[in-house]
Amino acid sequence: MKILIIDDDPSLRYMLTEICKHAGWESDTAENGKEGVACFQQGQYDLILVDYHMPEMDGLQTVKEIRSINTHIPVLVLTVDERQEIADQLLDEGATDFALKPVKAPDMISRIQLHVQLANMRQHQEQEEDVYSTKGISRHTLQHISNYLKKQKEPISVDELSKNIDLAYPTVYRYLMHLLDEGKVNQVLSHQKIGRPKKLYQWYA
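Taking the working numbering, the leading residue of the sequence shown gets 1448, the next gets one more, and so forth.
In short, the hints are calculated from the structure, not lab data.
Each hint should be verified, as a subset may be incorrect.
[What the hints assert, rightly or not] Distance condition first, Cα-Cα at most 25 Å in a straight line; then the derived DSS-like pairs of lysine-lysine:
#, residue 1, residue 2
1, Lys-1631, Lys-1597
2, Lys-1511, Lys-1548
3, Lys-1600, Lys-1645
Input sequences plus hints: build the corresponding full structure.
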């Protein structure tokens, strides 16, 4: 994990760098918002720590600039100002969270871990949504079909499934093919007395 620290106070930059080092993370530092935004554009980071009170470009403007470049990366703002209107402004501009100074190492480490995990989860969900939309798959319909299949003790045909869950045959077939590709469903051949074997589907337990 790599953290970008943007703060005009050299002692705080050093302390935050040491906190990152203690947690096993890499870090880069910038002395002000302008330098920080430039640094962010050039590097790859998992989270940004931004001081609120800075010369040249304050924390609010820095958050705004970063959000214009990247809407996903967690941005934590450090401030001594406890006023609610400041917190509201920061959140409105896209800050993920804010922490009051003086900074405490355990609190900072747990906040960073939490927000990076949440950001990764959101990114994964969005990637899944992109895959679903590309294939014309609705998450809700997929869940509906999956839940029904999980309850069935015996393999079921596309026709039966279509009637039982009140969805069109082509729709059910498309979703079953998707589940088959994903390895969630088994295809079973049922040999009939007359004609070709019938294809049945069963949730892969």
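Hint by hint, here is what the structure shows:
About 10 Å separates the Cα atoms of Lys-1631 and Lys-1597, which keeps this hinted pair within 25 Å; it holds. As the CA atoms of Lys-1511 and Lys-1548 are separated by approximately 21 Å, the hinted pair is consistent with the 25 Å bound. For the proposed pair Lys-1600 and Lys-1645, the alpha carbon gap of about 18 Å is at most 25 Å, so the pair holds.
Consistency with the previously given hints is maintained throughout, with no hint failing.
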